[in-house]
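Enquirer: Please dock the two separately framed chains into a single complex, following the hints provided.
Protein sequence lines, in the order shown, are assigned to chains S and A.
Mapping of the first sequence onto this note's numbering: residues 1 to 480, in sequence order.
Mapping of the second sequence onto this note's numbering: residues 1 to 484, in sequence order.
Calculated directly from the structure, the hints in this document are not laboratory data.
Hints are all accurate, no fakes.
Here are the simulated DSS-like cross-link-like pairs (lysine-lysine), alpha carbons at most 30 Å apart as the crow flies:
| hint | chain 1 | residue 1 | chain 2 | residue 2 |
| --- | --- | --- | --- | --- |
| 1 | S | K353 | S | K366 |
| 2 | S | K19 | S | K186 |
| 3 | S | K390 | S | K302 |
| 4 | A | K276 | A | K410 |
| 5 | S | K130 | S | K186 |
| 6 | S | K268 | A | K356 |
| 7 | A | K232 | S | K80 |
| 8 | S | K215 | A | K327 |
| 9 | S | K221 | S | K302 |
| 10 | S | K456 | S | K391 |
| 11 | S | K130 | A | K336 |
| 12 | S | K445 | S | K434 |
| 13 | A | K356 | S | K80 |
| 14 | S | K255 | S | K221 |
| 15 | S | K445 | S | K390 |
| 16 | A | K232 | S | K19 |
| 17 | S | K353 | S | K390 |
| 18 | A | K336 | S | K268 |
| 19 | S | K130 | S | K215 |
| 20 | S | K409 | S | K366 |
| 21 | S | K268 | S | K102 |
| 22 | S | K115 | S | K221 |
This is what each chain is made of:
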Amino acid sequence: MANFETVMGIEVHVELSTKSKIFCGCSARFGDEANAHVCEGCAGMPGTLPTLNRRVVEYAVRAGLALNCEISRFSRFDRKSYFYPDLPASYQVTQLYHPICKNGHLDIVADGKTKRIGINRIHIEEDAGKLVHDDWDDCSLVDYNRCSVPLIEIVSEPDFRSADEVVAYLEKLKATLQYLGVSDCKMQEGSMRADINLSVRPVGSEKFGVRTEMKNMASLKSIARAIAGETRRHIDAIESGETLIQETRRWDDNKGFSFAMRNKENAKDYKYFPDPNLMPVIVEEEYIREIRASLPELPEEKKARYIREFGLPEYDADILTGSRYLVAVFERAADICKNPKEASNWVMTELLKLLNDAQMQPEDMKFSPDSLGTILNMLTEGKINRAVAKKTFAEVFESDVDPVDYVRKNGLMQVSDTGSIEPVIREVLDANRKAVSEYLAGNEKSIQFLIGQSMKALRGKGDPQVVRDLLIKGLDERKG
Amino acid sequence: MSISRQNVETARKTGQEFRSGAVPISEHIEKTISGIQKEEPRNHCFVTLFEEQAHKAAIRVAQKLRSKEDCSLLAGVPVGVDDTMMTRGRRTTCGSGTLEHFIPTFSATAVQKLEDAGMIIVGKLNTDEFSMGSLTQTSFFGPTSHPADETRVAGAAAAAVASGVISCALASDTGGALRQASAGCGVCGIRPTYGAVSRLGLAAFASSMDQIGPIASDIRDCAEILNIISGKDPCDSTSVEIDKIDLSRIDSFSLSGLRIGIPSVFFESDTDPFVKASFHEALDALRSEGAVTETFSLKGLDQAVAAYAVISCAEASANLSRIDGIKYGFRAPEAKTLSEVYERTRSVGFGSDAQKRIMLGNYFLSAERYEEYYLRALRVKALIAKGFASAFRRYDVILSPVSPSLAPKKEPYDTLSMFEEDFFTVPASLAGLPAASVPCGKNPDGLSVGLQMIGPHFSEAKIVGAADAFLRIGGGQKTQGGQK
Ligand SMILES: [Zn+2]
Numbered sequence: 001m002a003n004f005e006t007v008m009g010i011e012v013h014v015e016l017s018t019k020s021k022i023f024c025g026c027s028a029r030f031g032d033e034a035n036a037h038v039c040e041g042c043a044g045m046p047g048t049l050p051t052l053n054r055r056v057v058e059y060a061v062r063a064g065l066a067l068n069c070e071i072s073r074f075s076r077f078d079r080k081s082y083f084y085p086d087l088p089a090s091y092q093v094t095q096l097y098h099p100i101c102k103n104g105h106l107d108i109v110a111d112g113k114t115k116r117i118g119i120n121r122i123h124i125e126e127d128a129g130k131l132v133h134d135d136w137d138d139c140s141l142v143d144y145n146r147c148s149v150p151l152i153e154i155v156s157e158p159d160f161r162s163a164d165e166v167v168a169y170l171e172k173l174k175a176t177l178q179y180l181g182v183s184d185c186k187m188q189e190g191s192m193r194a195d196i197n198l199s200v201r202p203v204g205s206e207k208f209g210v211r212t213e214m215k216n217m218a219s220l221k222s223i224a225r226a227i228a229g230e231t232r233r234h235i236d237a238i239e240s241g242e243t244l245i246q247e248t249r250r251w252d253d254n255k256g257f258s259f260a261m262r263n264k265e266n267a268k269d270y271k272y273f274p275d276p277n278l279m280p281v282i283v284e285e286e287y288i289r290e291i292r293a294s295l296p297e298l299p300e301e302k303k304a305r306y307i308r309e310f311g312l313p314e315y316d317a318d319i320l321t322g323s324r325y326l327v328a329v330f331e332r333a334a335d336i337c338k339n340p341k342e343a344s345n346w347v348m349t350e351l352l353k354l355l356n357d358a359q360m361q362p363e364d365m366k367f368s369p370d371s372l373g374t375i376l377n378m379l380t381e382g383k384i385n386r387a388v389a390k391k392t393f394a395e396v397f398e399s400d401v402d403p404v405d406y407v408r409k410n411g412l413m414q415v416s417d418t419g420s421i422e423p424v425i426r427e428v429l430d431a432n433r434k435a436v437s438e439y440l441a442g443n444e445k446s447i448q449f450l451i452g453q454s455m456k457a458l459r460g461k462g463d464p465q466v467v468r469d470l471l472i473k474g475l476d477e478r479k480g
Numbered sequence: 001m002s003i004s005r006q007n008v009e010t011a012r013k014t015g016q017e018f019r020s021g022a023v024p025i026s027e028h029i030e031k032t033i034s035g036i037q038k039e040e041p042r043n044h045c046f047v048t049l050f051e052e053q054a055h056k057a058a059i060r061v062a063q064k065l066r067s068k069e070d071c072s073l074l075a076g077v078p079v080g081v082d083d084t085m086m087t088r089g090r091r092t093t094c095g096s097g098t099l100e101h102f103i104p105t106f107s108a109t110a111v112q113k114l115e116d117a118g119m120i121i122v123g124k125l126n127t128d129e130f131s132m133g134s135l136t137q138t139s140f141f142g143p144t145s146h147p148a149d150e151t152r153v154a155g156a157a158a159a160a161v162a163s164g165v166i167s168c169a170l171a172s173d174t175g176g177a178l179r180q181a182s183a184g185c186g187v188c189g190i191r192p193t194y195g196a197v198s199r200l201g202l203a204a205f206a207s208s209m210d211q212i213g214p215i216a217s218d219i220r221d222c223a224e225i226l227n228i229i230s231g232k233d234p235c236d237s238t239s240v241e242i243d244k245i246d247l248s249r250i251d252s253f254s255l256s257g258l259r260i261g262i263p264s265v266f267f268e269s270d271t272d273p274f275v276k277a278s279f280h281e282a283l284d285a286l287r288s289e290g291a292v293t294e295t296f297s298l299k300g301l302d303q304a305v306a307a308y309a310v311i312s313c314a315e316a317s318a319n320l321s322r323i324d325g326i327k328y329g330f331r332a333p334e335a336k337t338l339s340e341v342y343e344r345t346r347s348v349g350f351g352s353d354a355q356k357r358i359m360l361g362n363y364f365l366s367a368e369r370y371e372e373y374y375l376r377a378l379r380v381k382a383l384i385a386k387g388f389a390s391a392f393r394r395y396d397v398i399l400s401p402v403s404p405s406l407a408p409k410k411e412p413y414d415t416l417s418m419f420e421e422d423f424f425t426v427p428a429s430l431a432g433l434p435a436a437s438v439p440c441g442k443n444p445d446g447l448s449v450g451l452q453m454i455g456p457h458f459s460e461a462k463i464v465g466a467a468d469a470f471l472r473i474g475g476g477q478k479t480q481g482g483q484k
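Only chain A is shown next, with the shape it has when bound in the complex (with noise of 0.2 Å):
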């Protein structure tokens, strides 16, 4: 199917329509079911639909709408979730083979809030093998195609949004998955601030830096979903209270004066062109607008994918640990003695990528290699927050291409170029900064390119203006004029 902005609905439009009572949610979400079945055999975005369950949700919440009860502007807005977070009762697999069958006991804090807030799951978006990848090249379930390109791979949060077929989805990022798959369908995409989402009920790739967020084709439904979700949590330790983005003010941000800083680093970079062709027009477009963009540069950034490699496989290889074939999920059959089930458990339960990350974990983490890898990975990233920092004072946002390159081609990765991937992303991660990814171009073949602003921390509202104001002057897209 084509891709087409226009005939995507924004949420909360469907939302008003449901409160009017023009559309009945229902009616609503069975054309949404449908729909997904529809073009989930070319798509392969969702692991599993939650048909029955979101029918009934429907009705739930029709009830609660014509009794006037308290509901957000949300409410009856079918949404898919990625597959990492926790929905009671239904199955959560985590792109996993080790999870194949696995139900949980309990809500992820953000799904529970989408779902107190009158939103309905309509399934479960597949994803890389507890998160460790970006666009489901490792998922158990194969991967999501891009909606442009059946060849290529795409994110499925995003691929479900682009595809029309839902209008809004959460998304884990840890060091940039929900933003490379935003950019690589077109959507927008924010990570928040770390802390500003709970993470309880999603399962732990790097603990430091798994942050949730929302993927819409719009960004001011990106910011209503970041409303519903954040907010401290009492039983996620590192999470913060955020304020929240006050929606009624996006109209008035003004682009004029706005101060924008790009790291020097970012230009040398080797980078696709048409990427990096995108990423110059949309510097063009805000500077028209009376931005003011700065090169800089930032200390560590060189250092930031080998930094991130190290801290999120080091975390990831303890937090993958609890998957041992002992109390839940997958154990091999042919296990006999206990060291057998966790060794072929383990080797043949988990995917050879996630394989080679708790590897390179364990390796790092060793007591021979704990200094030279993970205290030096720390202090890189000690040096980039406190490079950000110093950067924030000058600047209001940094910019910078969210991928280096196109979606990719559906064919066998290697673990460590897949970490080259990140170099735009993970040095927002290891500083726990906010950062959205908006369209800003797509090329004759349908491949679209994202823009990053990183903000401050808890600067997602200033971060959602620019972003919609970027957007509202046509952004990166008038560049390619004439194309689909």
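This is chain S alone, in the form it adopts within the complex (with noise of 0.2 Å):
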């Protein structure tokens, strides 16, 4: 068997989370109720013209700089036509002639080796709304709320070769497009979208093969498998003597197949021109400076620094600086407890866990910044214990509590007067004289047995040391 290699260019389009839509006033927010974001304008009513949002512009030169691109100084907006009922003009308003950004690069890291990813351009265009089918009266209703959503599409150029150089890049994209502030970038709600477009060769070929491209991928986990499949399909095919043909597939995640979309939207002209309605983008060298300057630490920049002033492994920090939210809370926690590397031991070490086990996103957290750095004062000044902070911390995760008052209405500030702890001591050896016994008898196990009684009885209040202190001291004399 011929060994091959698969090659893939990816197409993302990511929505930009301006208030309002790209050519008219409408809010762009996401979730409402069907068409409740709608004007003449997003509807294409006839006589409606565009006015661009100039914010749509901004956003896109932020992420072209920081994306590494040459912003173009002059750029325009040209029609494609295509009918589709969520497409009320029928035609998208996009960039193919002139496009905003240009030539960029973004460096991953995939198998434990840094690439170097190319970024051919970033366009600006609108979003088109979504056909909703309703079951009941068997017809399908349109929602026009994400109609002339602003979007940026990012081209990159074919440099990938597997799937975990994918799910590296589009991790990194959406890491940075979130510092940068211009998207969140939530695949399941649909604000970040990826078409792949895939190849397959003999190892050593310079020829590229067939290419297919493969849309509706909801998520990294779908993408990998998409490009298991899809590579699978394509080697099959070359065994077998079959002919692959150029065209668009839809990736069924349930199936596991691709399966291609209709052959129409494969001979599609969409007869692209110039839109004469919006004048071209001109873009000073002024603007772009500005722009620059106002960029926030990347990924990249903040990771090192994290290595180097905090002294965190490399790990953490990758895993750190992977989300603008995570870092978020690791910032502000290491902020109020002047201890970065517990702050982030904690991140990456509940923190993960709680957002693992409650299914979530790092963007889907709710609670209040200065939480977890509020716990980690009370545990470190004694006010708490380990488990008592562990405790308040899936408290703040899951409902957002204020920590310090939560600790105070469940009683669980940690006690370590000798005072209030002797007595109980005294009564759990006095109920625990086996364990008593083993214990002098040479067994020193046996003592974590009497802390957990200990820690019972104080209803996991207890400061251990003084807890383990203080059972030392009474066993001992027990000794005698």
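Expert: Now the structure itself:
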């Protein structure tokens, strides 16, 4: 069997998180009632005209600069025509001929190696609406809320050779765009969507194989599966001598197979031409300079700084900086407790575990950014013990309680004065004579049992060190 | 009815009578509407009359005038509006069966400005389907009759003004419809510089050339209306600010020393002999007042009609795609599937001329033809614009006839030959230049000829001055001495 390699390029559509749509004043908010955000303009009424939301250009330039692109001083909008009920004007405004950004790159780490992925272009366009099928009446309804929500499409070079690289790229892209504040990049809400162009060729070959494009992938996991599935299909076809055709396919994640989209889809001629209603976008050097100066610290720089300044392990720094939302929790906690390592440990263990258990993404976290720092301070000050700290943090994560309030209301303050603990210890030693005699007979392990019993009697609030010290003291007394 | 310019009052005079209290607005509006209704069966100028709304507006404006509120000179004056312009809450058909019952939810900026100025919109004027044509031949509602000859067609805005039922109107001009309508009926019209009047609310035909302008029996009324509707509109990115025309300076405009250029190809064209003669007589009249005429060659003019056809069809094909039977307007009732909704709605809803242009546009924009047609047309457009720019370093205005022929008969037409009628008017459209049409002759059958005056960008004041001076000296009219 010949050795094949997969060659992939990715087109990523990202909805920009501007307040209003790209060409009208309608809100671009996600998740509201169908057709709550529609005006004559985005509904394609006759006589309407687009006016460009300047914020969209700013966001696209921010993304372009962060992705090391050249910013076009002159860019322009084109119409892409096709009929579909979710496209009210029957053309989408996009940038085919003169995109706003070109020739960038993004460095990713996959399989332990750093790789530079080329970015061919970034262009601005408008989103389409959504068809909703009403099974009750057996008809389709249209929701125009997403119509004219601004998008940028980031088109990579065909630089990917494995699904790991693709996933690493998408994760890095997502983190970067979230840092920039230009998009929330929620794949499940459709604010980040990826189309994969894939071809297969024998290793060593310079020529590209026949390329297919896969759409409709809703998560990183399904993208990885789609790449594996489509690669297999290509190799099978090549090996069995079948002809592959260049086409657009839809990945069905349930069936684990891609299906060719209607042939019409593939034979489309979009009749692109410059939109006469919109003036070219002219970007001045000064404007680019201003935006560049306003860019936040990006994942790479941040990671290096975490390692350098805080002495965090590279792995931890990598995970932390992978999401601006984790960064926000970490930096605030580190700032409050003045102990970045401890803050990092909590995010890396407790927070990631909580997120994982709840099947949530970092961007879905809702608790107050100060809470973790407050908990860590209570912990170092000895006000609570570690177990209570974890419990409190879980509560914070779950329902955004105020940690100080929570600890007080539930009486979880750590008991560390010997005066309150000593009587309890005496009772425990009296009640557990078997364990006591085992310890005295040399079985040191039984002290764990006694500690547990004491903590139980103290309802978890005892300072573990004090409890242990007093137990040993009490046991020593009984050696007699 | 006979057309006599004398019995048509200027809009400015009517406005003055309202302000002085000599004539009550309501009474005048009532008279206007009954006048329209009387002529309508023969003229067929209006698609919709806003009788009730006009009466209410009349009362409102009269109240404003009484309380000495700030009103324009034309407050209370009835005006007709081409049916391609949106009128909020009032039917707007765009001359198309697809929008036969369409009620827009907003008004075109130009319409809104007229109403803010107190002008009263009495109804919507017949129009070619989505402005695709010049003389209402493609209207879903049938053609408008020429005021002088019922067997011939006319642009509705110009015909309504010429027949005296209204003194002024708003029309749209893409390749020359406004100018040709004005010329055919012997009234005045101005297509302003591209961008001078907001296109918001004008149903798009060819967005890069569509413009709204005034038609009136009097060129100064045109200027007055242009002053009301022009200006930058934040809702139209292609609109620009423009100086208002100072009407008090028009009287002093002198033709002496006016440098006039005439592209030589305009003399070589296949033009009706009467049109030709009228044009030459107009030039004679101008020269006799001291104007200097010169012919020159303007590169690309011979390809102007072709370039215009390509660009306008291309843009129209995309602009009209929104008429799909999904959101509003006509939907073929028998359509079952989505593609049937599109195909049947559009093939039944649009008239044959619109369908032809849409198909042509799709062809010109198709991936294999884009360069050969569309990009080439853009190059011709740029060449013509450049030619005009350099010509205007030597000339104040460029003159030509408006239409190569007299008003055509009501008979089947052919889309391609219709484009040929635009020979004189499309160059200014392609270059985005302002151009006026002023009457310069009338043949014994009462069919009129227009003189086109094209100026540099934003030279509306100069064009109005020259046109007014030309009309003051009797223009081409005296050359038909003794005719009606
Ligand atoms: Zn909107």
